[in-house]
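J.: Listed here are the chains, written in short residue letters.
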Amino acid sequence: MAIRSVKNLKEFSTANERFEGAHLLCPGCAHSMIVRELMNATDDNLVIATNTGCLEVSTAVYPYTSWDTSWIHIGFENAATAAAGAEAMYKARKRKGTLKDPDAPVKFVAFGGDGSTYDIGFQWLSGAVERGHDFTYICLDNENYANTGGQRSSSTPVGAHTSTAQAGRVSYGKKQKKKDMVAIMAAHGAPYVAQLAPNKWKIMAKGFQKALETEGPCFINTVSACTTEWKFDAKDTIHITDLATDTLMFPIYEIINGHELNILYRPKNVLPVEEYLAAQGRYKHLFKPENRHVIERIQKEIDEKWEYLQRREEAKV
Amino acid sequence: MAEKMELKSTEVWDGNYAAAQALRQAQVDVVAAYPITPSTPIVETYGSFVANGYIDGEFVMVESEHAAMSGCVGAAAAGGRVATATSSQGFMLMIEVLYQASGMRLPIVLNVVNRAIASPLNVRGDHGDMYAGRDSGWVQLDAFNAQEAYDLNLCAFKIGEDINVRLPVMVHQDGFVTSHTAQNVHPLSDDEAYAFIGDYKPVDEMLDFSKPVTYGAQTEEDWHYEHKAKQHRALMDSYVVIDRVFEAFEKKTGRKYKRLETYMMEDAEVAILALGTTVETSILAAKQLREEEGIKAGVVAPRVIRPFPLNELRAALAGIKCVAALDRSCPMGAMGALYNETCGALATIPAEQRPLVTNFIYGLGGRDFAVDEAKRIFREQKGHADVGHITTHVQQFSGLRGPKLGFYESKRS
Amino acid sequence: MRGVLATDKRGVRELGAEDLVGWDEVTQGVVLNSFDIEVENPAFLRPEERPYSDFNSYTATVASWRVIKPVYNRDICIDCQNCWVWCPDSSIISRDKQMLGIDYDHCKGCGVCVEVCPTNPKSLLMFAEAEEPEEALGKWPEKKKKAK
Ligand SMILES: Cc1ncc(C[n+]2csc(CCOP(=O)(O)OP(=O)(O)O)c2C)c(N)n1
Ligand code: SF4
Ligand code: SF4
Ligand code: SF4
Ligand SMILES: [Mg+2]
Chain V
16 MAIRSVKNLK EFSTANERFE GAHLLCPGCA HSMIVRELMN ATDDNLVIAT NTGCLEVSTA
76 VYPYTSWDTS WIHIGFENAA TAAAGAEAMY KARKRKGTLK DPDAPVKFVA FGGDGSTYDI
136 GFQWLSGAVE RGHDFTYICL DNENYANTGG QRSSSTPVGA HTSTAQAGRV SYGKKQKKKD
196 MVAIMAAHGA PYVAQLAPNK WKIMAKGFQK ALETEGPCFI NTVSACTTEW KFDAKDTIHI
256 TDLATDTLMF PIYEIINGHE LNILYRPKNV LPVEEYLAAQ GRYKHLFKPE NRHVIERIQK
316 EIDEKWEYLQ RREEAKV
Chain U
1127 MAEKMELKST EVWDGNYAAA QALRQAQVDV VAAYPITPST PIVETYGSFV ANGYIDGEFV
1187 MVESEHAAMS GCVGAAAAGG RVATATSSQG FMLMIEVLYQ ASGMRLPIVL NVVNRAIASP
1247 LNVRGDHGDM YAGRDSGWVQ LDAFNAQEAY DLNLCAFKIG EDINVRLPVM VHQDGFVTSH
1307 TAQNVHPLSD DEAYAFIGDY KPVDEMLDFS KPVTYGAQTE EDWHYEHKAK QHRALMDSYV
1367 VIDRVFEAFE KKTGRKYKRL ETYMMEDAEV AILALGTTVE TSILAAKQLR EEEGIKAGVV
1427 APRVIRPFPL NELRAALAGI KCVAALDRSC PMGAMGALYN ETCGALATIP AEQRPLVTNF
1487 IYGLGGRDFA VDEAKRIFRE QKGHADVGHI TTHVQQFSGL RGPKLGFYES KRS
Chain A
37 MRGVLATDKR GVRELGAEDL VGWDEVTQGV VLNSFDIEVE NPAFLRPEER PYSDFNSYTA
97 TVASWRVIKP VYNRDICIDC QNCWVWCPDS SIISRDKQML GIDYDHCKGC GVCVEVCPTN
157 PKSLLMFAEA EEPEEALGKW PEKKKKAK
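Residue numbers (my numbering), protein chains in the order written: chain V, 16 to 332; chain U, 1127 to 1539; chain A, 37 to 184.
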């Protein structure tokens, strides 16, 4: 396995980009920051499967591809299975001696948005992880169906406005809690599961490398700030992500072998969630007096979750 | 290395077992599958081959048929031989991915053990699933018995993987009547069968890292149409390779296949056009009628449903007096698909050579289709032929309880 | 304005300006090859060493998406590579741990690089698309005093 040094950014920056420009993602889109970092974290050959969504419709539009690796998109729900099928073929051909270069190191990766990961492709992901294929699944979690114009997903947090869970005269946006995908994937017994964010580039790169190195199915939920649907200025993607991790809206942690939980980032200064919410148009309505209670609820749930994660980490169970 | 299996020159296999044996002999690299009646035994038999060292490839038991075909697509794009099996509801769940497989030109072999589609739920054989595949861009081969299920599987790999085709292929057989009925089957030896198919030749494989390749790109209005036309052309042109493979197979085994099978059509006056096990039933009926009543009956059966053998069908039917197209799938609000294909073919020849064409819906949900019923249909066609027009509804339901059900009158002037 | 290290093929076509070939010339199975000829692992090849095919989006430009553009000031830059790691459009060109400049064929002008640049004043600033880089450099602000 050819790991890239991520000791510091200077060394990391010697990686030779395999994700090309002139893709069609929005200016400032975090999807590509995450994808670039994954691809730069290793020099191994990659077979990448991608679910339908912003990443896919922006990086392989005939007659262009932005991928300098093997890449496949089948449908909205089945990238995990596409990667699993390719991985199975790799094993079979390796055994039979029909690979062109049997010694070339290769990693199998699948990308999905939260729509495909938490909702429509959940079963495909669960099946592929249960079967133990040697691959890494990365969810680009922007908490909505961005490609189709910003509808709710089961990853959309409480209080967010989406086009199908709207804030209006009698509604404060989405009522239901975000699904805890990290816990669900850990419960599969996957050897490596993590939640990472691109603002913490080194933690994220190391997490990617750990997942790629680990034999068996690994799952990583990455926070992917969406300038278009979260409604913030394109230049602020990293700033918003900083707020996400420093308010603990998105805690950064890993779970090894389904139980050993390690917190990977502890903000020196935990910020009130209001600061994160106030920076995005999708939460604007929460600052109306009648919706204040929702902000309180969100803060309370963040505090409880953080407490829980810390206890899990301490208890080492 | 996988163990070889010693086979007798005549084995007693049902259609499922025959298909599973063909998959084993093809040394498929990846089978990704999900069980459903009546195709389950193909998957189970293959599983027993795996468990006993007869398979070198990977056997991936996924969590749904959609995933089965998704896994097949991922595996095929990675440059090896791929196959699976399904029926009915499983086939319906696969449909999204069937189109994706053919659009990506991946030569996967899918055994479809034909079964009715719910609702109401039914595990028995009809052609609802087979018909649902007809626009999906796959080559569709239809086996009428267990021997053919075996033979056509071997041919399917060779057709689909041919460098000039590169399309996925379905091999159909009727649920239960073929899939679960033990019959004599003459298999090839493992070595002969593999030699007939040949090694898999990868095209645009994802595991050749010296040529990174992107599969599944988006195309909008400025590109989609050209791609679909190219794919259609490849399927249309695949008949050349199909003929060549059938010829090679005949040389090897003496068993002859044609894209359109015809029986007693040389001097036929009336005919039945059908698919699946109904073909053998109709042949029996035609023979009896010829002997007993002097009715010159014949049978026409598309062996290859896609690409549709339009020229051959037209040639077979030109000049006869009346043909009944039998559809074992309810067209719901229209004429049956075989009827439409037939009329389409016949519309391209001079009117005086065109037979009358009627349509029967029959055998839904595994309702038996007996020789007597075929005979009754032949006699009725003879009646139309004698008076020179269709004397019944154009579409009728055959073998149905309750008042007679039919639609459309023929218009005589 | 091509920016540094522009190779022959980089950004030579506007999106949508491709040859609309007929059905007989589109690729079989809609596949797209990233390169024209066989390559060693591209992870070991710098972009300027790669045999990009016309299907590679590297050969296309999205420069027309920009209304404002980042301008790079070498004199202040500390080569921290923040801009490199967070540019969503692979448009910060770094070689041998050095920031060399901006790939204006692929930069969409999002401004992320400017936001994450840590120097004072910043080594990257946004200017109107029409502004000449030399002029922009002439307008560079002074070091900002920290507000007490
Ligand atoms: C079976 C199916 N259902 C619906 C769609 C429409 N669709 C395409 S992408 C998408 C949303 C994608 O959301 P997500 O997975 O979160 O990715 P994002 O675009 O947000 O990155 C939807 C609803 C589809 N392509 N296929
Ligand atoms: S809509 Fe959001 S996720 Fe999609 S490309 Fe734009 S910023 Fe990225
Ligand atoms: S403006 Fe955006 S796209 Fe352009 S170089 Fe800076 S970060 Fe990259
Ligand atoms: S972020 Fe600023 S200082 Fe750092 S490398 Fe880029 S331009 Fe130079
Ligand atoms: Mg999303």
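Read the hints as simulated data drawn from the structure, not as lab findings.
One thing to keep in mind: the hints can contain errors.
To be verified - Going by beta-carbon spacing under 8 Å, a handful of chain V positions derived as facing chain A: (1) Ser28; (2) Glu32; (3) Phe34; (4) Ser47; (5) Tyr79; (6) Thr80; (7) Phe247; (8) Phe302; (9) Glu328; (10) Glu329; (11) Val332.
As the list claims (entries may be wrong) - Here are the computed lysine to aspartate or glutamate pairs in the DMTMM-like style, where the Cα-Cα straight-line distance is at most 20 Å: (12) V/Lys215 - A/Asp115; (13) A/Lys133 - V/Asp257; (14) U/Lys1327 - V/Glu289; (15) V/Lys111 - U/Asp1317; (16) U/Lys1356 - A/Glu76; (17) U/Lys1508 - U/Glu1392; (18) V/Lys331 - V/Glu319; (19) V/Lys115 - A/Glu76; (20) U/Lys1337 - A/Asp115; (21) V/Lys193 - V/Asp59; (22) U/Lys1337 - V/Asp59; (23) V/Lys111 - U/Asp1325; (24) V/Lys111 - U/Glu1438; (25) U/Lys1447 - U/Asp1363; (26) V/Lys246 - V/Glu230; (27) V/Lys106 - V/Asp116; (28) U/Lys1327 - A/Glu74; (29) V/Lys111 - U/Asp1393; (30) V/Lys109 - U/Glu1129; (31) V/Lys115 - A/Asp60; (32) V/Lys217 - A/Asp60; (33) U/Lys1384 - U/Glu1438; (34) V/Lys106 - U/Asp1182; (35) V/Lys115 - U/Asp1325; (36) V/Lys106 - V/Asp118; (37) U/Lys1354 - A/Asp60; (38) V/Lys106 - U/Glu1129; (39) V/Lys303 - V/Glu319; (40) U/Lys1337 - V/Asp116.
Beta carbons: idealized from backbone N, C-alpha and C, even for Gly.
J.: Decide, hint by hint, whether the structure agrees.
T.: Each hint, compared with the structure:
With a cut of 8 Å, the hint placing V/Ser28 at the interface with chain A holds, because the nearest CB-to-CB distance is about 4 Å. Given the 8 Å rule on beta carbons, the hint for V/Glu32 holds: about 5 Å separates it from the nearest Cβ of chain A. Nearest Cβ of chain A to the Cβ of V/Phe34: about 6 Å, under the 8 Å cut. The hint holds. With 8 Å as the threshold, the beta carbon of V/Ser47 comes within range of chain A, its nearest partner Cβ sitting at about 4 Å, so the hint holds.
Of the supplied interface hints, the one on V/Tyr79 holds, with its beta-carbon coming within about 4 Å of a beta-carbon of chain A, less than 8 Å. This hint holds: V/Thr80 has a C-beta 4 Å from the nearest C-beta of chain A, less than the 8 Å allowed. Taking 8 Å as the C-beta cut-off, the interface hint given for V/Phe247 is violated, the closest approach to chain A being about 12 Å. The beta carbon of V/Phe302 is not positioned within 8 Å of any beta carbon in chain A (closest approach about 24 Å), and the interface hint is therefore violated.
Contact between V/Glu328 and chain A, as hinted, is not supported at the beta carbon level, the nearest pair being about 28 Å apart and thus beyond 8 Å. At a threshold of 8 Å, the smallest CB-CB gap from V/Glu329 to chain A is about 32 Å, leaving the interface hint violated. Violation of the interface hint for V/Val332 is found here, the shortest Cβ-Cβ separation to chain A being roughly 35 Å, above the 8 Å cut-off. A C-alpha spacing of about 18 Å is found between V/Lys215 and A/Asp115, which places the hinted pair at or below 20 Å, so the restraint holds.
The suggested pairing of A/Lys133 with V/Asp257 is violated, with an alpha-carbon distance near 25 Å, which exceeds 20 Å. Distance check on the hinted pair: U/Lys1327 and V/Glu289 sit about 59 Å apart at the alpha-carbon level, beyond 20 Å; violated. Restraint check: the Cα-Cα separation between V/Lys111 and U/Asp1317 comes to about 17 Å, which is no more than 20 Å; the hinted pair holds. Distance hint between U/Lys1356 and A/Glu76 is unfulfilled; the C-alpha atoms sit about 32 Å from each other, more than 20 Å.
Taken as a hint, the U/Lys1508 and U/Glu1392 pair is honoured in the structure, with Cα atoms around 17 Å apart against an allowance of 20 Å. For the suggested pair V/Lys331 and V/Glu319, the alpha carbons sit about 18 Å apart, so the restraint of at most 20 Å is met. For the hint pairing V/Lys115 with A/Glu76, the CA-to-CA distance comes to about 13 Å; that is within 20 Å, so the pair holds. In summary, the hint linking U/Lys1337 to A/Asp115 is not supported, as the alpha carbons are separated by about 34 Å, beyond the 20 Å threshold.
At roughly 35 Å between alpha-carbon atoms, V/Lys193 and V/Asp59 are farther apart than 20 Å, so this suggested pair is violated. Between the alpha carbons of U/Lys1337 and V/Asp59 the distance comes to roughly 15 Å, so the proposed pair stays at or under 20 Å and holds. This hinted pair checks out: V/Lys111 and U/Asp1325 have alpha carbons roughly 12 Å apart, not beyond 20 Å. Distance hint between V/Lys111 and U/Glu1438 is unfulfilled; the C-alpha atoms sit about 42 Å from each other, more than 20 Å.
Distance check on the hinted pair: U/Lys1447 and U/Asp1363 sit about 31 Å apart at the alpha-carbon level, beyond 20 Å; violated. Simply put, V/Lys246 and V/Glu230 have alpha-carbon atoms about 39 Å apart, too far for the 20 Å limit, and the pair is violated. A distance of roughly 13 Å separates the Cα atoms of V/Lys106 and V/Asp116; the hinted pair therefore holds under the 20 Å criterion. The straight-line distance between the Cα atoms of U/Lys1327 and A/Glu74 is roughly 18 Å, inside the 20 Å bound, and the hint therefore holds.
Of the pairs offered as hints, the one joining V/Lys111 and U/Asp1393 is violated, with about 54 Å between alpha carbons and a cut-off of 20 Å exceeded. Among the hinted pairs, V/Lys109 with U/Glu1129 is consistent with the structure: their alpha-carbon atoms are about 18 Å apart, no more than 20 Å. For the hint pairing V/Lys115 with A/Asp60, the CA-to-CA distance comes to about 29 Å; that exceeds 20 Å, so the pair is violated. In summary, the hint linking V/Lys217 to A/Asp60 is not supported, as the alpha carbons are separated by about 48 Å, beyond the 20 Å threshold.
For the suggested pair U/Lys1384 and U/Glu1438, the alpha carbons sit about 10 Å apart, so the restraint of at most 20 Å is met. Under the criterion of a C-alpha separation no larger than 20 Å, the hint pairing V/Lys106 with U/Asp1182 is consistent with the structure, at around 10 Å. For the suggested pair V/Lys115 and U/Asp1325, the alpha carbons sit about 14 Å apart, so the restraint of at most 20 Å is met. Between the alpha carbons of V/Lys106 and V/Asp118 the distance comes to roughly 12 Å, so the proposed pair stays at or under 20 Å and holds.
For the suggested pair U/Lys1354 and A/Asp60, the alpha carbons sit about 11 Å apart, so the restraint of at most 20 Å is met. For the hint pairing V/Lys106 with U/Glu1129, the CA-to-CA distance comes to about 19 Å; that is within 20 Å, so the pair holds. Of the supplied pair hints, the one linking V/Lys303 and V/Glu319 is violated, its CA atoms being roughly 25 Å apart against a limit of 20 Å. Distance hint between U/Lys1337 and V/Asp116 is fulfilled; the C-alpha atoms sit about 12 Å from each other, no more than 20 Å.
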